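Engineer: Chains as they are written, first to last, in my numbering: chain A, 81 to 294; chain B, 404 to 634.
What the hints contain is simulated information worked out from the structure, not anything from laboratory work. Source: prediction; values computed, not measured. Treat the hints with caution; some may be incorrect.
What the hints assert, rightly or not - Covered by chain A, per the in silico footprint, the following chain B stretches (three or more residues, Cβ under 8 Å):
{"#": "1", "stretch": "430-443"}
{"#": "2", "stretch": "469-479"}
{"#": "3", "stretch": "508-517"}
Claimed, not checked - Computed Cβ-Cβ distance ranges for the label pairs, DEER-style:
{"#": "4", "chain 1": "A", "residue 1": "Thr-203", "chain 2": "B", "residue 2": "Arg-407", "range": "51 to 61 Å"}
{"#": "5", "chain 1": "B", "residue 1": "Gly-586", "chain 2": "A", "residue 2": "Pro-261", "range": "26 to 36 Å"}
{"#": "6", "chain 1": "A", "residue 1": "Asp-112", "chain 2": "B", "residue 2": "Asp-543", "range": "50 to 60 Å"}
{"#": "7", "chain 1": "B", "residue 1": "Pro-612", "chain 2": "A", "residue 2": "Gln-230", "range": "42 to 52 Å"}
{"#": "8", "chain 1": "B", "residue 1": "Ile-602", "chain 2": "A", "residue 2": "Pro-261", "range": "23 to 33 Å"}
{"#": "9", "chain 1": "A", "residue 1": "Lys-181", "chain 2": "B", "residue 2": "Val-440", "range": "49 to 59 Å"}
{"#": "10", "chain 1": "B", "residue 1": "Arg-407", "chain 2": "A", "residue 2": "Thr-178", "range": "24 to 34 Å"}
{"#": "11", "chain 1": "A", "residue 1": "Glu-201", "chain 2": "B", "residue 2": "Tyr-493", "range": "23 to 33 Å"}
To be verified - Cβ-to-Cβ under 8 Å is the rule here; a few derived chain A residues that face chain B:
{"#": "12", "residue": "Gln-123"}
{"#": "13", "residue": "Ile-167"}
{"#": "14", "residue": "Met-170"}
{"#": "15", "residue": "Arg-173"}
{"#": "16", "residue": "Met-175"}
{"#": "17", "residue": "Thr-178"}
Where a beta carbon is used, it is the ideal one built from N, C-alpha and C, also for glycine.
Read off the chains here:
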Amino acid sequence: MQAMTRRAAVAALLAAASVAGPAPRVAAEDADRGATLFRYCTQCHGEQGEGNALALAPAIAGLPAWYVERQLEHFRSGIRGRHFDDIAGMRMRPMSLTLRKEGDVAAVAAYVASLPPADPEPTLEGDPARGQQLYATCVACHGADGAGNQQMNAPPLTGSHDWYLERQIQNFRQGIRGADPADTFGALMRPMAMTLPDDQAVRDVVAYIMTLPR
Amino acid sequence: MIERLVASASSYAPDIDGLILLIAVLVGFWFLLTEAVFFWLILRFRARDGQRAEYITGEEKSQKRWITIPHLLVLVCDIFIVVGAVRVWYEVKQHLPEAQQTVRVIGQQWAWSFVHPGPDGRLDTADDIKTVDELHLQKDVTYHFELTSRDVLHSLSIPVFRLRQDAIPGRVIRGWFRPTKTGVHDFQCAEICGIGHGIMAARVIIETPDEHAAWMAEHAPTTSLAAAAVR
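Work out the full structure: start from the sequences and follow the hints.
Structural biologist: Written as structure tokens, this is what we have:
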């Protein structure tokens, strides 16, 4: 029953995403296709996309389809996951290359978006009060509630693991992510991440994000 | 002969091809001969009307020589194979010629990454060039490689070099190769290492000295003050 509901949700997402308005039968087939393709992802990201720290795989459940799709395309083209120090990215890149057929990326992204968002527990020690002050820089794009803003190409931050957020901010700061000339959106994030003065500031802002309601 | 099936691009590839050919010819000869004798015996002593089968114990000399003579001849062939194999093993695995350059090869789930020496020709200096999925080598240069793994067992298998070496976490395994032909060749992890093993591929790019120098100049690491500031 739950799977049927999810397929219906994916079908609705896919239908809404298409300007031309595909026939319902085609959207339903794509929903099944997304679920089938997602089986490959469960090895690391978990059955419900809840993530797995041991596999360096973040929670992806409920992330907007546009963001998942873009990241998959970045992995596929080598914009992301091809830096010498991006250990987790190098695990993800070959996986993204298994999505070979046209429409695979959109189908699996829609399925991921249909999954109920995760609610991971904090694992890092940081000062949320100081983090709140530092978060002021992030508000313009990610929103005061951390819900993200597609118009600003900013993904939601809530529902992510704190270790993942910390690692990505550090990756942006160190040029492991966002430094590729083709990564126009990463190029926007990188200078923002570099306003955080030190590692503790990164942990503080992440600690604040973890206090935001999902 | 094997080169017609799989391209060859290292100094010791002909030695390994020669060994494979030697084994194939000797083993193939005995295989074909024994199959021929086997089928000849089946036809020669097939069931005939009025003729009873005879049970033989194999204890008489005339019967035993069907086993002992081929056995001794196969042992002679084994000596040729063992001598050839030890010679190639020594040349390829045990005797490392002096290195002109050293590259570091790192396996991880599910990518190969490489550290090339920069213009100073030494590793672990500021001009090292780090790449993912692409190993750049210069033709006719003797390389040592330092093979490591970041996580689980992998295997560096470069068919054009006739090279295969496991990468073991916690160990640095040294070996060598000398590329002899320019070109671009794919290679792939040869040890099951997880769900992405089948797509853990990379390329070796063998360049002329000029091409290699141009590649080094193009990929010389740039020092980012901003990046350095946060390290």
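Engineer: All hints are to be evaluated individually against the structure, with a verdict given for each.
Structural biologist: Do the hints match the structure? See the list:
no.	hint	in the structure
1	430-443	violated (count 0)
2	469-479	violated (count 0)
3	508-517	holds (count 5)
4	Thr-203(A) / Arg-407(B): 51 to 61 Å	holds (57 Å)
5	Gly-586(B) / Pro-261(A): 26 to 36 Å	holds (28 Å)
6	Asp-112(A) / Asp-543(B): 50 to 60 Å	holds (55 Å)
7	Pro-612(B) / Gln-230(A): 42 to 52 Å	holds (51 Å)
8	Ile-602(B) / Pro-261(A): 23 to 33 Å	holds (26 Å)
9	Lys-181(A) / Val-440(B): 49 to 59 Å	holds (54 Å)
10	Arg-407(B) / Thr-178(A): 24 to 34 Å	holds (33 Å)
11	Glu-201(A) / Tyr-493(B): 23 to 33 Å	violated (57 Å)
12	Gln-123	holds (5 Å)
13	Ile-167	holds (6 Å)
14	Met-170	holds (4 Å)
15	Arg-173	holds (7 Å)
16	Met-175	holds (6 Å)
17	Thr-178	holds (7 Å)
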